[in-house]
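Colleague: Protein chains in written order, with the numbering used here: chain Z, 1 to 681; chain G, 1 to 681.
Hints were generated in silico from the structure; no laboratory data involved.
Computed from a prediction, not measured in an experiment: that's the story for all the values here.
From chain G, some residues computed to sit far from chain Z (all C-beta separations above 10 Å): (1) Lys139; (2) Ala224; (3) Ala231; (4) Val287; (5) Gly338; (6) Pro348; (7) Lys351; (8) Gly577.
In the EDC-like style, the derived pairs of lysine to aspartate or glutamate whose C-alpha atoms are separated by at most 20 Å in a straight line are: (9) Z/Lys203 x G/Asp200; (10) G/Lys644 x Z/Asp95; (11) G/Lys667 x Z/Asp605; (12) G/Lys203 x Z/Glu206; (13) G/Lys276 x G/Glu4; (14) G/Lys97 x Z/Glu641; (15) Z/Lys398 x G/Asp200; (16) Z/Lys675 x G/Asp605; (17) Z/Lys644 x G/Asp95; (18) G/Lys675 x Z/Asp662; (19) Z/Lys667 x G/Glu668; (20) Z/Lys645 x G/Asp95; (21) G/Lys675 x Z/Glu668; (22) Z/Lys599 x Z/Asp551; (23) Z/Lys675 x G/Glu647; (24) Z/Lys675 x G/Asp662; (25) G/Lys23 x Z/Glu641; (26) Z/Lys243 x G/Glu206; (27) Z/Lys23 x G/Glu641; (28) G/Lys203 x Z/Glu211; (29) Z/Lys667 x G/Asp605; (30) Z/Lys675 x G/Glu668; (31) G/Lys203 x Z/Asp200; (32) G/Lys550 x G/Asp662; (33) Z/Lys89 x G/Glu641; (34) Z/Lys203 x G/Glu211; (35) Z/Lys97 x G/Glu641.
Cβ coordinates follow ideal geometry from the N, Cα and C atoms, glycine included.
There are 2 protein chains.
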Amino acid sequence: MSSELEQRAINTIRLLAVDTVGKANSGHPGAPMGMAPAAHALWTQMKLNPKDPNWITRDRFVLSNGHAVALLYTLLHLFGYNYSIEDLKQFRQLDSKTPGHPEAESEGIEVTTGPLGQGVSNAVGLAIAEAQLRNTYNKPGFDLIDNYTYCFFGDGCMMEGISSEACSLAGHLGLGKLIAFYDSNSISIDGNIEIEFTEDVGKRLESYGWEVLEVSDADTNVKAISDAIAAAKKSTDKPTCIKLTTTIGYGSLNEATASVHGSPLKPEDKRQLKEKWGFNPDQDFHVDQEVYDYYSKIAEAGAKAEEEWNALFEKYQKEFPELGAELARRLKGELPQGWEKALPTYTPADKAVASRKLSEIALGEIANVLPELVGGSADLTPSNLTRWKDATDFQSEKTGLGNQGGRYIRYGVREHGMGAIMNGLAAYGANIKSYGGTFLNFVSYGAPALRLAALSQIPVIWVATHDSIGLGEDGPTHQPIETLAHFRAIPNVMVWRPADGNETSAAYLKAIESKTTPSVLALTRQGLPQLEGSSVEKASKGGYTIVEAKDAKLIIVATGSEVITSIEAAKLLEAQGVPTSVVSLPDQFTFDSQSDEYKKSVLPDGVPIISVEVLATAGWSKYSHVQFGLDRFGASAPAGELFKKFEFTPEGIAKRGKLTVDFYAGKELLSPLNKPFFPIH
Amino acid sequence: MSSELEQRAINTIRLLAVDTVGKANSGHPGAPMGMAPAAHALWTQMKLNPKDPNWITRDRFVLSNGHAVALLYTLLHLFGYNYSIEDLKQFRQLDSKTPGHPEAESEGIEVTTGPLGQGVSNAVGLAIAEAQLRNTYNKPGFDLIDNYTYCFFGDGCMMEGISSEACSLAGHLGLGKLIAFYDSNSISIDGNIEIEFTEDVGKRLESYGWEVLEVSDADTNVKAISDAIAAAKKSTDKPTCIKLTTTIGYGSLNEATASVHGSPLKPEDKRQLKEKWGFNPDQDFHVDQEVYDYYSKIAEAGAKAEEEWNALFEKYQKEFPELGAELARRLKGELPQGWEKALPTYTPADKAVASRKLSEIALGEIANVLPELVGGSADLTPSNLTRWKDATDFQSEKTGLGNQGGRYIRYGVREHGMGAIMNGLAAYGANIKSYGGTFLNFVSYGAPALRLAALSQIPVIWVATHDSIGLGEDGPTHQPIETLAHFRAIPNVMVWRPADGNETSAAYLKAIESKTTPSVLALTRQGLPQLEGSSVEKASKGGYTIVEAKDAKLIIVATGSEVITSIEAAKLLEAQGVPTSVVSLPDQFTFDSQSDEYKKSVLPDGVPIISVEVLATAGWSKYSHVQFGLDRFGASAPAGELFKKFEFTPEGIAKRGKLTVDFYAGKELLSPLNKPFFPIH
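Bound-form chain Z, shown alone (with noise of 0.2 Å):
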């Protein structure tokens, strides 16, 4: 490529990226003025095939820095995605391809970015997917998998914590084909980061174990960024991070500064850019011939290179027929046939275990017959139960403590860096299943990356032990209260408390299945017997009458530990001349999908119905009319005080259970499912 056309293809990104935002009158052409060059310089050298986005072993590109998604659409129809220049014109419009921020579902676009840190957080995730996968189905003569993680950073993801976890952890594990580009403009929104942010970035990389290299002059030396990756994937047992000094807004009257940096430019400042770089000033959304007939090459040749990939992955299948077959399964995205089968079962002659415990069995037997599940826990591992018998760790193979093929990640004690990466390891493709452990209070460090994953439809699962009060000592700080009211008000979130064993192996059951929703499964630290009348197939419906009382007077609906407990207040209120049946709703979002004749059958009209939960009870009234739950913070002591200080024993519910029929006596009563109309779903 000749350097003329090369700078006229690196203002066409500018212009393009101006143009869209200009036309918006919304959006940041800062960052994509200023990177424009180190995004050429990348991709016309990435593995990628615009007719196939999905190709398994393409390079990955994250933008972490979500605003600048201006350059991210701009490349996309310049290397011929499926973007129209129309689509471009249509950024930020209701219902276009091209929304404010990157989002996953949109072709091309591997990860949801914007919320600061996570794609880059994310692209470690991606990372150590390909190398799991690779040294798991590689064999020689046969690098079916062999890709690039590229990601562009900015300053402000690297403010956010999310990414020092994320970043230590790729310095950890050795991650040498991550590489990653740190847009150092010096700019955020407030001003000048002298301000705010003087940390040594590359040296705070380095003490992670990255391998750092620099190009101060990344506005205009294409070449100089170019050496760079060439050298960045040389780095084998390293992430690599490129600092790029750039100027933000490059080439506009107020580049360098914080105004180009969320504002589309002034119609003055469009055209003496335009002028300057010798296009027309009059015309908007130009692109020359000859820049998408240099691009189109880029993608002939990864359309190329996929064909031989396929018929190389042929070849494997038949001189490796067991794994051929398993990667093929994988890559259709379907699960082995009646692997579900490997779920345990229970029956009430069962004894009492903590659910975090039948967790531990059911991970046991299902990662047996699921290659696909990559799992781990923040620090946590001996109490969360996470990791399985013989259970190889992802490590490098030099520490001698696991290999890259390992399954189970040691995350460490970051649960917001652990969420990111556990979204880009299902991201990657091949129906990783990729679930990872902590206290249900310590999901909340990580909330962010769970309302992403739900957002972008990735299914990944957060085993969250420690559910409640009945932590016992720990006290306060570590019991949730608003926990689960949190989860479940985040549209598209399967949040499991399971009751006993059968529930349990619903909650995997389902979990596992999802190809677009995330779970996190609430488990209990203390004991919880196997309960008569439960069963997977019937939890799996998300709520189910587990106690049905002869034309019951009360109905109690409870999840997780408070199941037994109802259980044992109906009898009490049996015995007091009050029927009462007991719903069992381990998942409120699986039995909304229930049709409305089932969920009528559960919650009836004509009967009072009290919910039992010993957390928050915000949320709980679109299933009862009456809400028990602890609306106040825990305190330390052993677990059976706690719940009896705080009546959450038959007794207490039993009590509140007579209160409400009293209440209700001779009113006439609708389910609480009828509504003159529902929320906007």
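Since the structure of chain Z is provided, determine the placement of chain G on it from the hints.
Modeller: Leaving out everything else, chain G in the frame of chain Z:
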């Protein structure tokens, strides 16, 4: 102190912690045993007065690895705070003074810790507070404010991203009087940290601008620790970290393993420890009188120092009557008389403005009358509008960007760190009112710190702008949905969503007056008209009838930007023959605290009530029979189009109001305030 007595004292600390955990049969003995020498070296040179644990210029001590609380209780006992041996024996028992993690309401405990990374970040806030007050009130010869902030932290704290945020800022700000001790014991719950945490912590802290000192034999070399403390004090423009290589569970048969981290020592292990160290193996909780005597000297010196300080402060008040009176007032925790008159009020003649702008106006007014107001923003200052005119940035003087008497903190893109630093600022005392701004959706990044503010009753203020889909084009990654439901479900949080200028002033009034409850102020990006019928006084009740219809057949309860839309809807309904009242309910927490009579007057029996808020509906059934909300993610488009798309328009609300009226026609209807019983509060 003889080295023999010193050793005896240190072993006494170790054994008291071991016995405390042993008696509870629950807790963490390992870190106390490893850190006892550092605790001894530190506390014997600290400025503390057990007789007045709230002396303003005491040295602060934060145990960021809060699980090691048995160490802290032991120290508090030995140094003469109001913790008896009996209290130690009640460790982790119901209603004891010694819960499982440090809780700030207990004597001598500065901040609530346990959730990792929070404490060290609180310490940054405590150190900022000290510097800010020192630079505000001290005069030559009057070193009124002059203390160090000390902090213990472990590997877990350093793995958490929050510590990265806070420590980076501490380095930037040059907090020379912050001295942290890194308990580098190489053990986490999962085992040796080689499996998950191999970064160079010292180098990382240096990259933030810290000074790092090391003591490689911190199990035994008390002198080296003392020397390091002395050296750290000489570093006046950098925070210092003293890295202590220690042995977790020092002396135990299982020392240096994960098994001593979180489980009591076995009886035979305790026995050998006591024998080895010359204690009676049959005696628990033993303290030699010489040890008590020695530590009591520190307390005596502290009491004397406070006496001298009191005399100095009296002299100061004479010499600097204005500043003296101001500081005296602040030390009493009182606000200036009549300060609330500074809050702006509005009439419908005033123009429509966004509530983020109304917040800016309010802050500008109260900053002048409240020297205790210390604010900032997580880099979004021009969007959050949190910086009042003429504010001085809190910056190291040598930067030329401000000084350490400044009251505006450039937090950078560090929401979680900001939250914990705000908590630390307020925990310092002197009535500091700390606030911090970000987008409402990114308060979620810092929610674990908000939760700790609620738990430990710290009245910080989150200024949370861009509070709904009303932010428009940035799209669903930035649009809060579950956020208010989440915060309202946390016990002890005010969640204000004001509808206009008077309500914004009411929110500030209550937030600033609060002594025990943190606030989140959810504010719009888009303009809001000044409403007929609003007032600071009425809004200060948390909820009130803003439109009273005669013989109302429907009540609409709304917040924020939906109040005006609901008022318009009420007009449409009125025209359809449905007289409709409108209730503005800007804060549920405050409304809940009103008398039953008042609440019932706002939400009476017999009238159907519909809530309207363009966010998740969870929690609204407490105040309404039907909920109109957004239980899905938003979208990227101009705000007006989004409100139309989701029908949050006068017509959309009126339609649902009519459905509600029809649905309940002829049915007996109780106010949702009626319940047979209430959740545990």
